[in-house]
Structures are given as structure tokens and as C-alpha cells.
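Novice: Protein chains in written order, with this note's numbering: chain L, 1 to 92; chain C, 1001 to 1170.
In short, the hints are calculated from the structure, not lab data.
The reader is advised that the hints may include incorrect statements.
Across the chosen pairs, the derived CB separations fall in these ranges [claimed, not checked]:
#1 C/1052 - L/64: 28 to 34 Å
#2 C/1104 - L/86: 29 to 35 Å
#3 C/1035 - L/12: 28 to 34 Å
#4 L/10 - C/1056: 46 to 52 Å
#5 C/1040 - L/12: 44 to 50 Å
#6 L/81 - C/1136: 17 to 23 Å
Beta carbons are placed, not taken as given, at the ideal position from N, Cα and C, and that holds for glycine.
Listed here are the chains, written in short residue letters.
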Amino acid sequence: MFDFIGNWFKSKEKREDDRKRFLEAVHLMLDGEATPEQKKLVMDKISCCQFSNSKFELEKCLRDKLKSLNCCKEMPKNLDQAILEKLNSQHA
Amino acid sequence: MKSLYNFGFRLTLDEDDANDLVQDTYMKAFRFYDSFEQGTNSKAWLFRILKNSFINEYRRKAKLPGKVDYQEVESYYNSEDVDEVMTPDLRVESVQDMIGDEITRALNSIDADFRLAIILCDIEGFTYEEMAKILDIPIGTVRSRLHRARQMLKEKLADYAKGLGYKVEN
Chain L
1 MFDFIGNWFK SKEKREDDRK RFLEAVHLML DGEATPEQKK LVMDKISCCQ
51 FSNSKFELEK CLRDKLKSLN CCKEMPKNLD QAILEKLNSQ HA
Chain C
1001 MKSLYNFGFR LTLDEDDAND LVQDTYMKAF RFYDSFEQGT NSKAWLFRIL
1051 KNSFINEYRR KAKLPGKVDY QEVESYYNSE DVDEVMTPDL RVESVQDMIG
1101 DEITRALNSI DADFRLAIIL CDIEGFTYEE MAKILDIPIG TVRSRLHRAR
1151 QMLKEKLADY AKGLGYKVEN
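Let the hints inform the model, and build the full structure from the sequences given.
Specialist: See the structure below:
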């Protein structure tokens, strides 16, 4: 009985460790910082586990959305001119 | 310069302040050009100057509290309590349906230090190493700050997703 409970806790811990490791690898992979082993871990997991696959897709989707925010603000037209004038006045 | 201006705007959330920050950044870059290491990333160098100016001047001027106990965040992140359950279970389709404005609003509502991490990584595409130099923190801290920042962002987005009628599990 105690063995059974002990094993159950051990396997729960292992599952949580695996999940943490997977999620960390997903973040690293999407940030372009993962090692080949971490990439393999992610690819293996998302090809056979629907939960992992949806986690990966969500993270990827979020990053794509954030990337699309990149060119949203128009720069003031005279900003470069203002900088040049300031630099020239300091240099003079 | 456009990317620097956008970075300034995302930090200050004000066009005039962003304008001043960029001007200030170029003035400092010109003045301290000797400290630039040839062959290193000049964009990261300029971003670092702008970030420092923002922290030193604008935050103090605005008298924003904006203080984050990083020790607490680090120890939380490294503790066993941290679990993905803390993050609302957003669905891909709920994020796909969100428009840029909602993402921007959610991003702008998180603390500047965490916003900074997301902007540098996800929007500007800097590597962890470059981010560590810009933010003056170790790479491990870059990773934990990014992790926490993304959790915060997801929590904010979960509220928007609920507003759109999506069922979000906590």
C-alpha cells in the first residue's frame, strides 16, 4: 500500500518535471535559444500529445501576435532633423 | 531610428516623451561614442542607452513607484509552487481573434520592467545575450523575467478573452 502511494507521488512528480521541462523548451525554442535536444523534445512531444501541441500553438500564436505589433507607431517627421540640429549646436 | 522611437513609445506610452528619449539617446550616444565597442551590436547599445535614460530620468520624473522585488520574483520562479496552473488556460483561437489593440493594451498594462523584457525579446527580436547586456542582468534573470512577464500578459489576455465570450479556465 505504502509502495503504491510512494510510486504514485513519484510518478506525479516526474510528470510535473517533464511538463516543466517541456514548457521551458517551448519558450526557448520559440525564442530561438533551444539546444538541438530541447528542439527534439518539443517536436517529439507535440507530435504525440494533443495537450502539448495546443500549448505549443498557443505560445507560438502569442509570439506571432506580438511580432505583428512591431511597426505600429509612426515616427515624428522632424525627429532626425531635431537630433541633427542639437548635435550641430553642441559641436559648434 | 524608427525602432528606437517605437521602443521609447512603448516604455513611456507618450509620443512627446518618446521623442525626447530618442533625442536624448542620440545625444548620449554621440557624447559617449568612445565607450562603444567596435564590432558589437550598435542597435543593442542604443537600446541600452535609451533604457537607462528611461529608468534614470523619466521614471523618477514621473514619480512612478514601479518597484518590483526581483528577489521575490526570482525565488517564486525557482520555488516548487510555480506551476503552469497559475496561468489561465487561454485557447489558441481566443488569441487569434484578438486584434493588435487588445494585445497592446494588455502589454501596456503590465509593469514596465516586465514589459521591457517582452518588447526586447518578442517585438524587437533580441537574443537573451543581447537582452542581458541591455538590461544589465544575467541571462538566467532574463529567462525568469521573461517567464513572469509572459504569465502576466496571459493573465491580462485571459480577461480580454473572457470579455470576448471565450471560456477561460483558471
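Novice: For each hint, tell me whether it holds in the structure or not.
Specialist: Going down the list of hints, with the structure as the test:
no., hint, result
1, C/1052 - L/64: 28 to 34 Å, "holds, 30 Å"
2, C/1104 - L/86: 29 to 35 Å, "holds, 30 Å"
3, C/1035 - L/12: 28 to 34 Å, "violated, 53 Å"
4, L/10 - C/1056: 46 to 52 Å, "holds, 51 Å"
5, C/1040 - L/12: 44 to 50 Å, "holds, 47 Å"
6, L/81 - C/1136: 17 to 23 Å, "violated, 32 Å"
Checked against the numbered hints above, the structure violates hints 3 and 6; every other hint is satisfied.
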